[in-house]
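J.: Single-letter residue listing:
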Amino acid sequence: MSALPKTEPVLDVRDLHVEFTTYGGIVKAVRGASFSVDAGKTLAIVGESGCGKSVSVQSIMGLIPMPPGRITRGTALLHGTDIVRGKIVDGDDVRGNRIGMVFQDPMSSLNPTMKVGDQIAETLEVHRGYSRAKARARAVELLAQVHIPEAEERATQYPFSFSGGMLQRAMIAMAIACEPSVLIADEPTTALDVTIQAEILDLLAELQRKNGMAIVLITHDLAVVARMADEVAVMYAGEIVERGTALEVFDQPAHPYTLGLRGALPSRSTERAGLNPIEGSPPDLFAPPTGCGYFARCAHAMRVCEQHRPEQLAVAAGHTARCWLHAPDAPRTHPAIQHRVRG
Amino acid sequence: MLVETIGLTKHFALGRGRTVHAVDDVSLAIDEREVVGLVGESGSGKSTFGRALVGLHSKTAGEVRFAGESLPANYAAADFRRHAANMQMIFQDPYSSLNPRMTVGEIIGEGLRLDGGHTRAQIRNAVADWLARVGLEPGHASRYPHEFSGGQRQRVGIARALILKPRFVVCDEPISALDVSVQAQIVRLLGELKASLGLTLLFIAHDLSMVRYVSDRMAVMYLGSLIEIGSADDVYFRPKHPYTQILIGSNPEPNPRTERHRKALAVAGEAPSPVNIGVGCRFASRCPEVMDVCRRVTPPLLPLPEGGTRRVACHLYTAPAAVSEST
Numbered sequence: 511m512s513a514l515p516k517t518e519p520v521l522d523v524r525d526l527h528v529e530f531t532t533y534g535g536i537v538k539a540v541r542g543a544s545f546s547v548d549a550g551k552t553l554a555i556v557g558e559s560g561c562g563k564s565v566s567v568q569s570i571m572g573l574i575p576m577p578p579g580r581i582t583r584g585t586a587l588l589h590g591t592d593i594v595r596g597k598i599v600d601g602d603d604v605r606g607n608r609i610g611m612v613f614q615d616p617m618s619s620l621n622p623t624m625k626v627g628d629q630i631a632e633t634l635e636v637h638r639g640y641s642r643a644k645a646r647a648r649a650v651e652l653l654a655q656v657h658i659p660e661a662e663e664r665a666t667q668y669p670f671s672f673s674g675g676m677l678q679r680a681m682i683a684m685a686i687a688c689e690p691s692v693l694i695a696d697e698p699t700t701a702l703d704v705t706i707q708a709e710i711l712d713l714l715a716e717l718q719r720k721n722g723m724a725i726v727l728i729t730h731d732l733a734v735v736a737r738m739a740d741e742v743a744v745m746y747a748g749e750i751v752e753r754g755t756a757l758e759v760f761d762q763p764a765h766p767y768t769l770g771l772r773g774a775l776p777s778r779s780t781e782r783a784g785l786n787p788i789e790g791s792p793p794d795l796f797a798p799p800t801g802c803g804y805f806a807r808c809a810h811a812m813r814v815c816e817q818h819r820p821e822q823l824a825v826a827a828g829h830t831a832r833c834w835l836h837a838p839d840a841p842r843t844h845p846a847i848q849h850r851v852r853g
Numbered sequence: 019m020l021v022e023t024i025g026l027t028k029h030f031a032l033g034r035g036r037t038v039h040a041v042d043d044v045s046l047a048i049d050e051r052e053v054v055g056l057v058g059e060s061g062s063g064k065s066t067f068g069r070a071l072v073g074l075h076s077k078t079a080g081e082v083r084f085a086g087e088s089l090p091a092n093y094a095a096a097d098f099r100r101h102a103a104n105m106q107m108i109f110q111d112p113y114s115s116l117n118p119r120m121t122v123g124e125i126i127g128e129g130l131r132l133d134g135g136h137t138r139a140q141i142r143n144a145v146a147d148w149l150a151r152v153g154l155e156p157g158h159a160s161r162y163p164h165e166f167s168g169g170q171r172q173r174v175g176i177a178r179a180l181i182l183k184p185r186f187v188v189c190d191e192p193i194s195a196l197d198v199s200v201q202a203q204i205v206r207l208l209g210e211l212k213a214s215l216g217l218t219l220l221f222i223a224h225d226l227s228m229v230r231y232v233s234d235r236m237a238v239m240y241l242g243s244l245i246e247i248g249s250a251d252d253v254y255f256r257p258k259h260p261y262t263q264i265l266i267g268s269n270p271e272p273n274p275r276t277e278r279h280r281k282a283l284a285v286a287g288e289a290p291s292p293v294n295i296g297v298g299c300r301f302a303s304r305c306p307e308v309m310d311v312c313r314r315v316t317p318p319l320l321p322l323p324e325g326g327t328r329r330v331a332c333h334l335y336t337a338p339a340a341v342s343e344s345t
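Chains as they are written, first to last, in the working numbering: chain D, 511 to 853; chain W, 19 to 345.
Calculated directly from the structure, the hints in this document are not laboratory data. No residue lacks a Cβ here, since even glycine has one placed at the ideal position from N, Cα and C. A couple of the hints might just be wrong.
Cβ-to-Cβ under 7 Å is the rule here; a few derived chain D residues that face chain W [as the list claims (entries may be wrong)]:
1. GLU558
2. ALA756
3. ARG778
Pairwise CB distance ranges (calculated) [to be verified]:
4. PRO318/W / SER673/D: 23 to 33 Å
5. GLY550/D / ALA79/W: 52 to 62 Å
6. PRO323/W / ALA826/D: 44 to 54 Å
7. GLY296/W / SER671/D: 15 to 25 Å
8. PRO156/W / ASP603/D: 19 to 29 Å
9. PRO290/W / THR666/D: 46 to 56 Å
10. PRO306/W / PHE796/D: 51 to 61 Å
11. SER114/W / ARG580/D: 28 to 38 Å
12. GLY784/D / PRO156/W: 26 to 36 Å
13. ARG580/D / ARG100/W: 53 to 63 Å
14. GLY784/D / THR276/W: 17 to 27 Å
15. ASN621/D / GLY134/W: 48 to 58 Å
16. SER671/D / ALA79/W: 30 to 40 Å
17. ASP97/W / MET617/D: 31 to 41 Å
Computed far set for chain W versus chain D, every beta-carbon distance over 10 Å [as the list claims (entries may be wrong)]:
18. ASP133
19. GLY296
20. GLY325
Work the whole structure out from these sequences, hints included.
T.: If you want it as structure tokens, here you go:
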């Protein structure tokens, strides 16, 4: 796997820090997140509510009101150009054009007073300078491409006439209208039933095969990650605590939090192993811990973890974890490291 | 048998002769200390069924029996007071189901207060006891719901439901709004309380693997009808009804090796509207194995020809005699 020539990632985010000023003080929502995604590949950013996964991508897309939010450090390179410092996020070059975005709740993400076809056409008029007629014709093609039956007629309807699954298809049509090189899908199936979820995930994979776009999939659902991801980044308390290929992260989880998430899911095998919840709750990001963010909940915590923030340490080729257990001088016999799940 | 519904039906009139068939003729018997998981997609009527069961919806037709006693079709205030001590409900959304203007202590103690016959000190002690039992602290009684996380609020909702020591609890998607690690905390808490109190549960959820984990039996609803019921493992690993097969086949597993090679189980279209449903199987319009008879005759929920406890509402499994008789 590592013998392949290293391609330049399409989107490369490095050391991103995002803060919010609130009445209660400053929330350090993202504390040094780095991730990247290659063309034609899917990166899943997985984590629980409040871990900073949505804020990370929304901040680089310029979707976070600043103030109260601000990016205090870090870069986001799209094809080698920094879109955070370059201030081109505000323009039309990136958002909706070179990066498309699909949101969690299609009902509230579309304009209820505008026909679905016109909403898709608007993207093309704004970014591509298409005429109204040309943009509308293309919108119908796009609706057909995401397998909406009777696309011509559907384009003239308002969002309320669409079901949840159809709306999410329309959102995807809008997101891919300008043939973006990156598609960010923020919990795209969380509001949908499982049978519809399966259809939407298949559609995303099909579109990726056709046009080779990179997908950044943000989700809390490890099963969705397993189905879609090439690479996985696990986020906790504003940091990416583990990164690697999907097979590495699922087969050999290296961070105790990733292990904890796996243990909290019911097993699908016929025997009923007990559930092992992660006790406690994530740290307060008004005053983030100086050491490891997971220290207070970690079953394997050592003294060093309380005071010193773990570095991103290599576990295997292309697999890193922000955990002191993987330091060269950490105790060798640690169960977390020895834990090997063979699928 | 502790709780039984016989032909429970709940329709909502939309006016102009249009009727939503939210729950149609559902018969389900739940044994003492049994956990029955009820699954189905949005709009399948599973929550309406749960609410009608505890009296939060009036019944259009059919009957609910609790410990042999038939419960009223429409609850009056006195009925709620009488039956609330036996049947309780834990709600889905721990954010909107707790009154933001009441303290957690008032919320948990309200059942005892309305029940009557308890002094304030007794209620206070019971609240403190229940806070501890659900993993919160006695000092939390004076706080308001907004000061708690989702998982903590769901613990409050559990204490609120259980303080009257009900025998039967409907859990309506109790973990859907929670994070993965917190879901496991709440499921474990429910399991411990079930064991120590001898509770009987109807566990409504759409997370199939979690339902299999917590339930003894699993029931599947589609468009207001009960279409399959059997032991949780039978239904999960050997689904019979074509809809159950698709539902379980669509449920992804957290394992990239199996997920990558999973073939898409296509189901044509989406669930039709539950307004003015006619005769025939409700899944007929989407079923990959649809037959002529399916559009003409509503399949009854029957045991499989090979016997056993599982029942399926599908003509594929109906004995040939029954089919020929109806055609």
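J.: Hint numbers the structure violates, sorted upward?
T.: 8 and 9
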